[in-house]
Amino acid sequence: MITLDSASESPLPRRARRASIRPRLISTIIGFGTLAVVTCVLAPLVGSTSISLTRAFDPSIPFDQNVDAQIFFVARLPRVLAGALVGSSLAAAGVVFQAMLRNPLATPFTLGVSAGASLGAMLVIIFGGAFALGPLSAVPAASLAGAAAATAVVYWLASRHGHAISTSVLLLAGVTLNSFLSALIMFVQYLADFAQVYRAARWIMGDLDIGSYDTLLASLPLVIVAFVLFALLPSSLNLLSVGRDAAAARGVDVPRAQRLAFFSASLATAAAVSLAGPIGFVGIVVPHLVRLLVGVDHRIVLPASALFGAAFLVACDLLARTILSPVEIPVGIVTAMIGGPFFLWLLVRKS
Amino acid sequence: MAARTQKLIALVALAFIVFALGDARAQEKGPASAPRRIVSLVPAITEMLFAVGAGSQVVAVSSFDEFPPEVKALPKVGALIDPDTERILALRPDLVIVYGSQTDLEKQLGRSGHRTFSYRHGGIPTTLNTIRDIGVATGHRAEADKLVSSLQARLDAVRDRIKGRPQPRTMLVFERLPRTLREVYASGGVGFLNEMLTIAGGRNVFADVSRESVQPSIETMLARAPEVILEVSAAGLIEQTSSPEPDAWSALSSVPAVRGHRVHLLTGDYLVVPGPRLAAATEAFARALHPDAFK
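Residue numbers (the working numbering), protein chains in the order written: chain A, 553 to 903; chain B, 12 to 306.
Worth double-checking, as some hints may not be accurate.
Stated by the list, open to error - Derived CB-CB ranges, DEER-like:
hint, chain 1, residue 1, chain 2, residue 2, range
1, B, R176, A, A735, 50 to 56 Å
2, A, A747, B, S67, 54 to 60 Å
3, B, P177, A, F679, 40 to 46 Å
4, B, G271, A, R607, 20 to 26 Å
5, A, R607, B, D144, 54 to 60 Å
6, B, S160, A, L597, 53 to 59 Å
7, B, G271, A, T606, 24 to 30 Å
8, B, H132, A, S579, 58 to 64 Å
9, A, T606, B, P177, 29 to 35 Å
10, B, H132, A, F894, 37 to 43 Å
11, A, V777, B, P79, 54 to 60 Å
12, A, M757, B, P79, 33 to 39 Å
Unchecked claim - Simulated pairs of lysine to any residue, SDA-like, Cα-Cα distance not exceeding 25 Å:
hint, chain 1, residue 1, chain 2, residue 2
13, B, K87, A, Q748
14, B, K87, A, F679
15, B, K83, A, A747
16, B, K83, B, A101
17, B, K83, A, D745
Calculated from the structure, these hints are not laboratory results.
Yeah, the Cβ is synthetic: ideal placement off N, Cα and C, and Gly gets one too.
Use the sequences and the hints to build the structure in full.
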């Protein structure tokens with residue numbers, strides 16, 4: 553186990569601090585975990601059609617004749633799981649970016665990762681190409697490649713001078729790359745015909761109706777790696793969010809912690825965007841909501857945000873697929889329309 | 012590609028030119044004689060112009076025009092969102108065909124004394140009426156009337172062929188991301204696609220949705236359980252993956268169309284243009300829906 557803040561502290565206070573955080577951590581995880589689990593269990597039971605659960609789980613009916621089972625296992629379950637995966641990835645990535653950049657307005661999409669992913673997806677949607685990379689179909693594969701390229705460019709720009717990442721260069725480079733890539737996206741869309749432009753625009757709104765477990769399984773390893781890296785971060789994030797010098801003075805290997813934070817959050821964002829498109833708002837509203845509820849300690853905020861992000865996105869998607877059925881609302885619209893006012897209400901009430 | 016970049020540059024230039032044009036105050040309704048220099052910004056109308064015999068009067072078309080083959084030799088002057096006003100004016104047209112939403116362009120052309128013909132997509136009756144109007148406006152009334160009667164006769168022939176046969180519950184899909192079931196767009200209960208499907212003897216599973224298109228989720232497709240899936244593609248993406256049974260659909264094995272191998276893929280731009288080829292499209296739909304009736 554690597555603890556990035558261990559060097560400068562004596563064992564006794566550290567143990568004391570650990571002890572004081574544990575009950576709160578456990579109660580928070582139980583609270584938010586229950587919320588996430590309950591949401592994920594209830595969500596597949598509800599939908600635009602009413603299905604019979606006894607029929608859905610009746611093994612005596614052949615699967616290809618069992619509409620209820622297909623609606624449950626082919627339509628709803630992959631969708632709920634994708635929502636949980638994407639929601640927790642975006643929320644956790646949001647926490648990490650906000651702490652690392654010391655900027656409350658940072659989102660998983662601030663540094664150009666999602667714009668890179670979107671450009672990759674646009675190129676495939678508009679110029680065609682029906683290739684597949686293993687379980688990944690063309691659009692997710694291309695968006696992962698775009699995200700990786702954007703991440704590499706931003707990192708190269710920000711780490712050119714010296715071995716530490718400059719937060720301000722990172723932020724400026726990321727924001728600029730974002731605008732540049734957005735311009736490229738518009739240019740690519742301008743070259744396309746109507747149907748393709750519409751399809752591309754629809755992709756940008758986000759969609760969790762993935763309809764197969766293959767895409768889910770393809771993203772899962774990336775998300776797992778990102779979350780393993782996230783587990784190493786919280787203590788150094790606490791110090792980094794105070795300031796680089798403060799963190800360094802307390803023994804944090806700042807360049808290493810920054811790299812870890814940058815790449816893990818970028819990886820989680822890339823996986824989420826390639827799976828469901830750039831679903832907005834989750835990455836900014838969930839971390840702030842959670843901070844309003846549990847305070848600022850990243851050892852609690854990070855896991856709580858991941859759990860709450862899953863519950864939030866699954867719930868928003870449930871609304872997206874039911875309120876106007878058979879017509880669906882893109883989930884990105886719902887996250888913003890629900891998340892925005894709710895967040896403002898909490899903000900006003902708290903202050 | 013170079014032409015597209017040119018369009019972009021021209022668009023920037025346009026902003027300056029438009030203001031310089033000023034108010035020409037030539038507000039008369041245009042010449043009563045037949046137009047000899049027509050610019051069409053609507054592909055469906057271009058097809059109508061050529062079909063009624065006004066093809067030789069067309070001097071430029073939109074950047075999306077591909078049919079009939081003669082249009083390939085004509086200059087392209089932008090389209091719905093990016094009409095190249097400068098080039099249109101430079102061609103000295105005496106009739107410009109615009110889409111109903113291009114009101115700014117229509118005003119500009121009106122100010123500079125150009126006659127316009129405004130059009131919006133509708134159902135089959137709209138298409139047939141528009142063919143007649145185009146005939147009148149271009150001096151080909153007789154040909155247009157003849158074309159409309161022959162189209163009506165062909166549609167009636169389809170109706171007769173399938174009369175009395177059971178009408179399968181059909182989902183008419185016109186967009187889909189290749190190899191997946193994502194971003195599926197199907198015809199709702201309104202519009203020319205729905206009308207063609209109905210004449211061809213299919214019952215639209217989304218007949219209750221009073222919109223031209225529906226984006227059904229996988230759950231909705233499973234629940235609506237169509238007996239036939241008719242997938243039409245103008246060209247392009249879906250076509251590239253086409254196997255006799257598009258593989259992505261096999262995930263929905265409880266859908267009768269999938270189980271019964273009745274997922275039909277039809278390709279060709281004539282299938283999705285509300286113009287003079289709609290009878291051919293309706294016939295293609297009917298053949299796929301009722302193969303026995305055409306033996």
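Hint by hint, here is what the structure shows:
Here the CB-CB span from R176(B) to A735(A) is close to 54 Å, well matched to the stated 50 to 56 Å. With their beta carbons about 31 Å apart, A747(A) and S67(B) fall outside the hinted range of 54 to 60 Å. A C-beta distance of roughly 42 Å is found between P177(B) and F679(A), which places it inside the suggested range of 40 to 46 Å. With their beta carbons about 21 Å apart, G271(B) and R607(A) fall inside the hinted range of 20 to 26 Å.
Separated by about 55 Å at the C-beta atoms, R607(A) and D144(B) satisfy the suggested range of 54 to 60 Å. About 57 Å separates the C-beta atoms of S160(B) and L597(A), a value consistent with the hinted range of 53 to 59 Å. Take G271(B) and T606(A): their Cβ atoms lie about 27 Å apart, and the range 24 to 30 Å holds. Roughly 60 Å separates the CB atoms of H132(B) and S579(A), a value that falls within the hinted 58 to 64 Å.
The beta-carbon spacing between T606(A) and P177(B), approximately 32 Å, falls within the hinted interval of 29 to 35 Å. As the Cβ distance of H132(B) to F894(A) is approximately 40 Å, the hint placing it in 37 to 43 Å holds. Separated by about 56 Å at the C-beta atoms, V777(A) and P79(B) satisfy the suggested range of 54 to 60 Å. Roughly 37 Å separates the CB atoms of M757(A) and P79(B), a value that falls within the hinted 33 to 39 Å.
About 20 Å separates the Cα atoms of K87(B) and Q748(A), which keeps this hinted pair within 25 Å; it holds. For the given pair, K87(B) sits about 21 Å from F679(A) by alpha-carbon distance, which is consistent with the 25 Å threshold. For the suggested pair K83(B) and A747(A), the alpha carbons sit about 21 Å apart, so the restraint of at most 25 Å is met. For the given pair, K83(B) sits about 20 Å from A101(B) by alpha-carbon distance, which is consistent with the 25 Å threshold.
Annotation: proposed proximity of K83(B) to D745(A) holds, straight-line Cα distance about 17 Å (limit 25 Å).
Hint 2 from the list above is the single one not met by this structure.
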